[in-house]
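Top to bottom, those sequences are chains S and C.
Taken in order, the first sequence gives residues 1 to 193; the numbers are from our numbering.
Taken in order, the second sequence gives residues 1 to 193; the numbers are from our numbering.
Heads up, the list lumps identical chains together, so a pair's fine if it works in one copy or across two of them.
Subject to a maximum C-alpha distance of 20 Å in a straight line, what follows is the list of computed DMTMM-like cross-link-like pairs (lysine to aspartate or glutamate):
hint : residue 1 : residue 2
1    : K21       : D89
2    : K185      : E159
3    : K21       : E112
4    : K180      : E5
5    : K185      : E3
6    : K83       : E106
7    : K81       : E106
8    : K101      : D89
9    : K190      : E173
10   : K21       : E183
11   : K101      : E159
12   : K185      : E5
13   : K21       : E58
14   : K81       : E58
These are computed hints drawn from the structure, not numbers from a lab.
Spelled out from the first residue to the last, the chains are:
Number of protein chains: 2
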Amino acid sequence: MKELEQRILRDGRNLGGGILKVDGFINHQVDPALMDACGREFARLFASVHATKVLTAEISGIAPALTTAFHLGLPVVYARKTKPITMPDQVFLTLAPSHTKGRMVELIVSPEYLANGERVLIIDDFLASGQTILGLVRLAEASGSQIVGIGALVEKSFEGGRAALEALGVPVESLACITKMEEGKIEFRKAEN
Amino acid sequence: MKELEQRILRDGRNLGGGILKVDGFINHQVDPALMDACGREFARLFASVHATKVLTAEISGIAPALTTAFHLGLPVVYARKTKPITMPDQVFLTLAPSHTKGRMVELIVSPEYLANGERVLIIDDFLASGQTILGLVRLAEASGSQIVGIGALVEKSFEGGRAALEALGVPVESLACITKMEEGKIEFRKAEN
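Assemble the whole structure, with the sequences as input and the hints as a guide.
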């Protein structure tokens, strides 16, 4: 998506070590109009998979997942990283490594909101190693749901996450695919998104 | 707002001890259309305060703050509870008690996105004791910003948060104001919202 790529080039920063800073429009300050446009694009890309629910992980997946769900007319569930007191004792829980925290974090979904037979579209901010998304896949599968698609705002193709997801046999879409981050530069995949 | 009150009556649950469970449409599973309607209503209520930025706290403030900011055409900043590696060393940080965690949590905003002279509209999911919102107020004031309004989806008037915010002299709006939660019931303020 040209709009997202241009925003990354304008306001994103390559901090080195494969770390892309998008705190000015995705991860800390959020541009709601950009998120709405991204949600609209995901809704278009995944119109044919007939999802019944959007699933993401707190925190930074919430904005793009919410706008995608809005444009698809679906509810969105965000996996919690700590179990709130309002959640029942029996939950779906898995562990996933956190890139930014340097340790494993829990991903928790209440069985109240992820039921047997749902068709789940996973939306997140980043597809890098794919570990968070694979954690969401495990939660969905534990509930008896079926994954029907996976979307990420930004893919870092050099971290191999797409290959890790391929075995699922579902469409995997990213709106901006970064192939190279060297010497402070950011290079996108040439093909159209 | 009638739509939100009716949803709370239909899908919310009074768990006792003043705890309202809204995990089915606000806090874990989110109804994007309802959040959009709430954001539109906040944008209407706060049209005259001429905010330049919406501020909230992760996690459950993100959805209503995002839709409010969308309808006002503004960026939204969510205070982080842990400092990501992409954030500079110098930050605005305050402590606020967490109702659900039973301990103090950090609220952190980067000076990159909260500048001197901003007109800040605070949006959160709940106004109960007001402690989280007062934490956001301290962050905004530390940055030299001015608070111009405060909005919460759900107010629990019996927890006294509104009184704690009154000294700020800015409009405080809630879309559903609960006056009483006894014996499993939920009672709203009679006046129109």
